[in-house]
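Trainee: Chain by chain, the residues run as shown.
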Amino acid sequence: MGGRAPNPPAHGLGTTIPTTPQPALRMRGISKRFPGTLALDAVDFEAAAGTIHGLLGENGAGKSTLLKILAGDYQASEGTIEIAGEPVTIASPRDAREHGIGIVYQELSLLPNLTVAENISLGIEPTVGGRIDASLLKRRARETLASIGVAAVDPERKVGELSLAERQLVEIARLLTIRQPRVLVFDEPTTALNHHDVLRFFSIMARLRDDGVAVIFVSHRYREVLEICDECTVLRNGRRVGHVQRGEASLERLVALTLGQRGEAAFSRAWRAEEDAETVLEVEGMAVGSRIHDVHFSVRRGEIVSLCGLLGMGQTEIARALIGDGDRVAGSVRIAAADGLPRTAREALRRGLGLIPEDRQAEGLFPDMSVRSNVSISSLARIVVAPFVRAIEFARERALVQGVAERAGIAPRVLGRPMRTLSGGNQQKALFARWLLRGTRLLVCIEPTRGVDVGAKIEIYRQLEALARDGAGVLVVSTDLPEVLGLSDRVLVVYRGTITEELDPRGTGEQRLLLAMQGGAVGEKVGLVETEVVG
Amino acid sequence: MRAAARATLDKRYLDAWFLGAMTVGAIVLFRLIEPSWLNSQTLQSIVTQNGPLAIVAMAMTFSIVSRHIDLSPGSMLALSGVVAGVVYRDHGSLALGLVAALGICLASGLASGIFVARLGLNAIMVTLATYIWARGLALGFTNGDPIVVDTSLTSVVNHTVGGFTIVAPLVLGVYLAGWFTLSRTRFGRYTHAMGGDPLGARRAGIRVGLYTTLIFVLMGVATWLASMIVVGQLASAQPYAAPSLELDAIIAVIIGGTRLAGGEGNVGRTLLGVAFISILNSGLLNLGLTDAYYQAYKGAALLAVLSAQILLRRRIAEDVRRRQEHERLLAEARGYA
Amino acid sequence: MAVEARAAAAAGAAQTPLERLRPFAEAFGTLAVAGLLLLAFGLTSSVFLEAANLRNILVQITVVAVAAIGETIVMLAGGLDLSVGANVLFGSVVAADLAVRQSLPLWFAIPVGIAASAGIGLLNGVVSAVIGIEPILATLGTFLVAAGLAKIILHSSWIVVDSSFFADFVQTKVFWQLPVMVIAMLGLYAAASLLMRATPFGRSIYAIGGNPAAARIAGLPTTRVRIAAFALAGAFAGMAGVLQIGQLGIVSSGNTTGLEFQAITAALIGGLSVSAGGVGRVERTLLGAVIVGMIANYQTIRGVPPNYQQALLGGILLLAILVDRLIRGRA
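Chains as they are written, first to last, in this note's numbering: chain A, 793 to 1327; chain B, 5 to 341; chain C, 3 to 333.
It should be emphasised that the hints constitute simulated quantities derived from the structure, not laboratory data.
All C-beta atoms in this analysis are idealised placements derived from N, C-alpha and C, irrespective of residue type, glycine included.
Be aware that a few hints might be false.
[To be verified] Pair ranges (Cβ atoms, derived):
id, chain 1, residue 1, chain 2, residue 2, range
1, A, Ala1154, B, Ile118, 28 to 34 angstroms
2, B, Arg327, A, Ala1128, 35 to 41 angstroms
3, A, Pro918, B, Asn147, 54 to 60 angstroms
4, C, Leu33, B, Gly107, 37 to 43 angstroms
5, B, Asn147, C, Val49, 22 to 28 angstroms
6, C, Val49, B, Arg317, 56 to 62 angstroms
7, A, Ser1090, B, Arg318, 51 to 57 angstroms
[To be verified] Some chain B residues near chain C, calculated using beta-carbon distances under 8 angstroms:
id, residue
8, Ile108
9, Leu110
10, Met129
11, Val130
12, Leu132
13, Tyr135
14, Trp137
15, Gly144
16, Gly148
17, Asp149
18, Ile151
19, Leu264
20, Gly303
21, Ala304
22, Leu306
23, Leu307
This is chain A alone, in the form it adopts within the complex:
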């Protein structure tokens, strides 16, 4: 099929993109080696002008490496890149810009306390004798925004006041203003958007496509990919494993390509709880803000329950609401026979909850304190001498921490070192040990093995299993499929802010799970007809 010949842009800025028989972007035989691994293995990727091309693959499949090479942040170890038939070298982000490559990342590059107009022209402000020509600045912003079909955003507003969706549009406008791109890449643009914003975003991508831009849409959300893309390429383990045209694609096909043949599971449960253990957490009718609604689930003692979904579907918000971090939470929450949602983290701890946060650097660790202190910090009451003299009894602290550290698989010799010197896996184990020491009824772990090497992962899974066996409940939030299936007793799929399915991991394969996370069901036909998809 290939791309359609670009029409003269109706509202585009700058010059019309010349039509060439060559694809706008051609990456051939791209390999990228890092010490010890091969991130990309002879990957071919072509994007034609005037098309929307989806780039799919699991985390770690090589998508971001490919993008970084395109962006000039990395250099390919092997392979060539051509833009409109001309071979190019992209040695730096500036080269990428000059060759007409623009990338919109999830972390937008806008400055929140400057206005929309100022952001769009940042660095290239029109000046009149030392002062910024404010009216020209505004006009430029308005024109660019109009050219992508966005009239509603006021150029005078500060970017910090805009919604995420509007900020995205401003970022796009900024890229268009700097230079008319030939290739525009969107990296996971819809993760935090609501449905209305997604549709608006699609119409803008369509406009860009109609102007002759080669749009590359990197996404985990296959329904969206099926709706908007003309073709897509799937990567797996650093290789290109599939290229699908619009008519040939389906959710199941994409899921199958993404996952391929899975080998033996690295981890499986050695023990499971009885059916009639008492309930430790009961959530009914929970709603958080405007995006999470109608959440019902429960966790029993000895159970490991996973909340699993694509990034941004709401599973993290649900988990954090349990420790008091939710914004405007409604519904009923019952923790071990006591009603009510904890309002602060401190209260949550008192009720027996513990949290291992998704970003341990930002919210978990005390980098300059010793590992021992990091572990004992939530159990200070347990290591003091006596109520009268509130001094820490060091011997007791050492003994207790050593005990849980052994259980958590941390070598005793690192306990005295500053936390920041530990590897990711050991840091995560230390956080886990913190809750072991404190004792929890329900441990909430968000992405428990992010940034952790394979060996430590298995250890952490064993620890969680041991914790469950000791009578606690465990709630895991994860996007890692083997982890979810290997670790959990029950899997709750979160899609669009609510729990859509409950799966038994013992009877579910990764393909089935990913399909459910994509909001699909077996045998469902999606993508052949441009219909409104109801999640």
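Starting from the known structure of chain A, fit chains B and C onto it as the hints suggest.
Mentor: Just chains B and C now, with coordinates in the frame of chain A:
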């Protein structure tokens, strides 16, 4: 849409209105207690006395908006005056002294800028060091005694037009220039950018090092101007001059509504802050209060205004957030229609 | 996941020589500097190492050093206290007023004076931790209030404290001929060091200063601890004020000019940072105060005019910050 924008505008200026109201309230209160207080003469003296503070506060606005705090102005003002005085004393020319003073102010600002911008040192610590050594040098050069200079500068500074000295138009001019720079030039917008998101600004290609250094140099120039006024008014260089000028300047900027966290602010608000402090100072002084009471009241007033600011801001943020949520829900509903 | 994670892990393992130097530099750097200065000054001056002179240094730094204990605690928790100097004055004024003008017994006047300063500290804590005003601004406000109140009580005058109890602070010598006030200072440092190292409160301070978000998630009572830190700083300021009465025998409004900056300087030279909490030790602030005291003393011996001494102090502070940045990397 327009109406909503207007409403936001109003709400955003709420703390400015509050400050204005407090200023007016203070004026009314003081006039009630001491009716003869606010006449044209006291007004002139308020302006003349607080001219240096106003000028330094203007430069401090830039510093705070860019998320740096500069503790050097008070000590540098004294040192600048002393340098001028010493040069005058040893070489007979006050004009030469003024140039030398400018030189040292520029050099100090440049050095601070380089330390902060290039070496990444914390601005508070670097300027704290300046605060200490500049005062030390000023006292050291003069042994604590003022240096009397000739009246050539004094005649300029005290020259009155229509009852006001040149301090008034000078301050006005400085504020106009500052307003123009901060809100209309690239330098000004980049100052906002650096203060709001320093990493983001750097990533966006803004020359953070250059502009940060410029801001410290700007403070140097402002300090020099202020010190010239002081030397002119007193016809002498006082090593003990301006003992807490930097703190007063910071207070003026913050009371005016600029946030300590940086990223937003304008000089007009600072002028309002300066006005409030000047009125407060003058009124309290005029009540015959000793230095002590006036200090205590000033502190209490500062805390009250800051607390009010925070409470107002929280209320505004809540309203804004609610409105945004409402808009979003409406948009979604429209999307489904 | 695989590639990125491995690359990151690899990056974490390697350490540059400077980084390996870090723990030693942090632990012993200040001590080494103090030792070097002692050596340098001792070799170049016949008077410096005399026992009487060394004792004199310790006496001179006592008030600032004790005030700096509180300042250090606040800075460790991630804040800054600009009201310390005025608070020292306030505490001493209240104590002196009660003891001399109201002729109340010392066992009443002194604790009340300290409590008054602690009250100001409490105000700092509430205003910054509960209302949410940044500590710099909040303590600026209380600085003015405390200084004002102190001067009001003084009635624009001064109070001469002619009391053998207070005079004994300086005159009575205990242990190695050191005056009582120096022993008191050392004792307070020992107590503070114990507090920070061996109590839940101390741990909480380090945690809150090191990573406020993580401290919250770990269940620490962040607001309460912050308020307590400021209140404690106030108490130490009050104690410093009482000691100052003993040292000077007179309470007047000029006693404490610039004291808060001296305290902050001592803390900074001792290795603390203004921008980041959670790192540093109270004992090193004592070293910082000693270093500053040694330098001032040496300058006096060498006949450097006192004002130039101040100038040099500013330069030394700058140097200390530079060196700290070199060793620690960008803050």
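Trainee: Each of the hints needs a verdict: does it hold here or not?
Mentor: Now for the hints, and whether the structure bears them out:
1. A:Ala1154 x B:Ile118: 28 to 34 angstroms: holds (32 angstroms)
2. B:Arg327 x A:Ala1128: 35 to 41 angstroms: holds (39 angstroms)
3. A:Pro918 x B:Asn147: 54 to 60 angstroms: Holds, since proline 918 of chain A and asparagine 147 of chain B (Cβ atoms, about 56 angstroms apart) stay within the stated range.
4. C:Leu33 x B:Gly107: 37 to 43 angstroms: Holds: the Cβ-Cβ distance is about 40 angstroms, inside 37 to 43 angstroms.
5. B:Asn147 x C:Val49: 22 to 28 angstroms: With Cβ atoms ~24 angstroms apart, the hint holds.
6. C:Val49 x B:Arg317: 56 to 62 angstroms: Holds, at about 58 angstroms.
7. A:Ser1090 x B:Arg318: 51 to 57 angstroms: Violated - the Cβ-Cβ distance for serine 1090 of chain A and arginine 318 of chain B, about 36 angstroms, lies outside 51 to 57 angstroms.
8. Ile108: violated (13 angstroms)
9. Leu110: violated (18 angstroms)
10. Met129: holds (5 angstroms)
11. Val130: With a closest approach of 7 angstroms, the valine 130 of chain B hint holds.
12. Leu132: Holds - the Cβ of leucine 132 of chain B comes within 8 angstroms of chain C, reaching about 6 angstroms at its closest.
13. Tyr135: holds (7 angstroms)
14. Trp137: holds (3 angstroms)
15. Gly144: holds (4 angstroms)
16. Gly148: Check passed: Cβ of glycine 148 of chain B comes within 7 angstroms of chain C, closer than 8 angstroms.
17. Asp149: violated (11 angstroms)
18. Ile151: Violated - the Cβ of isoleucine 151 of chain B stays beyond 8 angstroms from chain C, reaching only about 14 angstroms at its closest.
19. Leu264: Leucine 264 of chain B check passes; min Cβ-Cβ to chain C is 5 angstroms, inside 8 angstroms.
20. Gly303: Check passed: Cβ of glycine 303 of chain B comes within 3 angstroms of chain C, closer than 8 angstroms.
21. Ala304: This interface hint holds because 6 angstroms falls under the 8 angstroms limit.
22. Leu306: holds (4 angstroms)
23. Leu307: holds (4 angstroms)
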